[in-house]
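Just need the whole structure built from these sequences, with the hints factored in.
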Amino acid sequence: MATKSKPAISEAVAKLDNMVVSASATSNGGTAAAAGPLTMREELQSLFSTAIQTAFPSLGTDFDVLVAACNNPANGDYQCNNAMPLFGRVKGIEGGPKNPRAVAEAILSNIPENTMISETSLAGPGFINIRLDKQWLSDRMNAMLSSPEGLQTWAPSKFRGKKIVVDFSSPNVAKEMHVGHLRSTIIGDTIAKSLEFCGADVLRLNHIGDWGTQFGMLIQFISEKRPEGLNAASDEDVADLQVLYRAAKQRFDEEEDFKTRSREAVRELQSGKEEYVQAWQRICDASRREFEKLYDRLGVTIQERGESFYNPFLGQVVDDLLDRNIAEISEGAACVFVECQKIPLIVRKTDGGYGYASTDMAAIKHRIEEEHADWIIYVTDSGQSVHFEMVFEAARKAGYLPEDREVKIDHVPFGLVLGEDGKKFRSRSGDVVRLVELLDEAKIRCQSTIKERRPDISDEELDEASSAMGYGAVKYADLKGHRTTNYRFSFDEMLSLQGNTAVYLLYAHARINSIFTKSGKDPLELLAQGKRVDIQHEAEANLAKHINKFPEAVEAALNELAPNRITDYLYDLSGVFNQFYTECKVVGSPEEDSRLLLAFSAALVMRQCFALLGITPLFRI
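First residue of the sequence shown: 1311, per the numbering used here; consecutive thereafter.
It should be emphasised that the hints constitute simulated quantities derived from the structure, not laboratory data.
Some clues are possibly wrong.
Lysine to any residue pairs mimicking SDA-like chemistry, simulated, CA-CA at most 20 angstroms apart [what the hints assert, rightly or not]:
(1) Lys1761 with Leu1772
(2) Lys1401 with Glu1415
(3) Lys1707 with Gly1693
With beta-carbon atoms standing in for the labels, derived distance ranges [claimed, not checked]:
(4) Arg1399 with Ala1453: 34 to 40 angstroms
(5) Asp1750 with Phe1373: 53 to 59 angstroms
(6) Val1696 with Thr1523: 20 to 26 angstroms
(7) Val1553 with Ser1768: 35 to 41 angstroms
(8) Asn1869 with Glu1730: 29 to 35 angstroms
(9) Val1696 with Leu1807: 40 to 46 angstroms
(10) Thr1611 with Val1696: 38 to 44 angstroms
(11) Arg1842 with Glu1803: 21 to 27 angstroms
(12) Ser1356 with Ser1456: 42 to 48 angstroms
A virtual CB, placed ideally from N, CA and C, is assigned to each residue, including glycine.
Here you go:
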């Protein structure tokens, strides 16, 4: 076969990639895809559930099937651990088992006939080790590859059709986005992308800080800077909002008269005074333009619905809480007293103003009553954990979380970003690190690395590759640790070609793609010709098993709201692939076509993981 050009093969590979990734996007507000096959773990749970019910009918269905991946692959692929917990419930049955091992033997003897399991064995007091059948694995791989929906057929079904609100990012108007906003943005985006992949209808909300005292302060500052009136203020007057905010804040903190005038400006704004509303709008628009630039660079889609959106509802919410004695007046403020908390949740301040608590209560009410949310997820820093505990409890007391249907509500806290010195990450000047500067630095560093390896690269390709690698490295470094832990920000570590980094994984993906180039074969054409995966070698089986564990990793990430379950899986996948490639010759082997399709499946899963993490894959570096 004549060798095809590299771009042709990459284009063909990307064709199926786009079909798979874009399928996740269509789930947002659209019709959910039909339910696909169970995960491997779910299929085993179904088999062992039947076996347990058959062996011990007195239990009915009142038990959990304890199937988990084996920690030691030498023992098997999966393990059923039901014998010991079930023994305590069945040992009194006449003629029943005398020990846990006997329970395991009874379970084993009642496993339904199937093609999934090739071998079982007993270990210790009653652990059942399970090995999967190579032909069953081959059939499952081929079914996915031949499906028009590709990897979407493996998407966990439990989230399909659910209406889910993900509240994340949430910067403040007139302040620049910094590294703290990065964590909320990419954690929230990964959760949203994973839910969309699973067929959920996801509403991505950006609860920006676009209301409150700071706007009175800014408007008053601008009006005094422009005595001819707010309407005379030019775009330049609000262009550098960070400088404007700092100057206004300094006067607010130091000048009592200015503070008084600023509070009066807030009341004028809240009353709807036209020129004040116009000034507020211009400030918000200036911030919005800068936010959008960063969201575009990060590849994040999000719908703005700031604090101002809920302002018309606040009075009604507080009155409702007072009328039903859920809130009470304490020292002039309307408060909800929450069990186990020393301080109350203040829903209306003594001066009649509203704060975060009343806005958050109104938001919950709106999201359930108007958006019909089945699940509401808030992604903010750990410092807000107590606040959300109190808000959620107050919402339950108020009945905003309905009793007639199950509505989940979760706070997803995350830790701090630290510098290499172990202290809170700041610039050399001691300021909070601006997100735009951080992304610029990552891209510049990657440009140098790529240019060294490919001195002939075009400027356009260099820009695309360095953006993908730099932004991907920043995102991955943040996501790979558990979100609740603090992590140290280090460009040297995140841009390393070794270890668990985005750069290493992007190179690993590019190396897999180079196999297709070397072979001169297009995996899509192989599929069109009826070529199939035929697993024979143990290394092939190990790779196929790990590929098939992808939906389990996605489900675990969503059950725990922990994106690191996806990064852990992705890094392990690269290691399993490397072992396969070491032990199994691909190009030029009698098994070439089958192994190319297996490698293609691995690349496909890698790219889907990249898509969930918001990382752009590279086909050549």
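Hints, verified against the model:
1. Lys1761 with Leu1772: Distance ~8 angstroms between Lys1761 and Leu1772 Cα, so the pair holds.
2. Lys1401 with Glu1415: holds (14 angstroms)
3. Lys1707 with Gly1693: violated (23 angstroms)
4. Arg1399 with Ala1453: 34 to 40 angstroms: Roughly 38 angstroms apart at Cβ, these two residues keep to the hinted range, so it holds.
5. Asp1750 with Phe1373: 53 to 59 angstroms: holds (56 angstroms)
6. Val1696 with Thr1523: 20 to 26 angstroms: holds (22 angstroms)
7. Val1553 with Ser1768: 35 to 41 angstroms: holds (38 angstroms)
8. Asn1869 with Glu1730: 29 to 35 angstroms: holds (33 angstroms)
9. Val1696 with Leu1807: 40 to 46 angstroms: holds (42 angstroms)
10. Thr1611 with Val1696: 38 to 44 angstroms: Violated: the Cβ-Cβ distance is about 31 angstroms, outside 38 to 44 angstroms.
11. Arg1842 with Glu1803: 21 to 27 angstroms: violated (42 angstroms)
12. Ser1356 with Ser1456: 42 to 48 angstroms: violated (24 angstroms)
Comparing the model with each earlier hint shows violations of hints 3, 10, 11 and 12; every other hint is respected.
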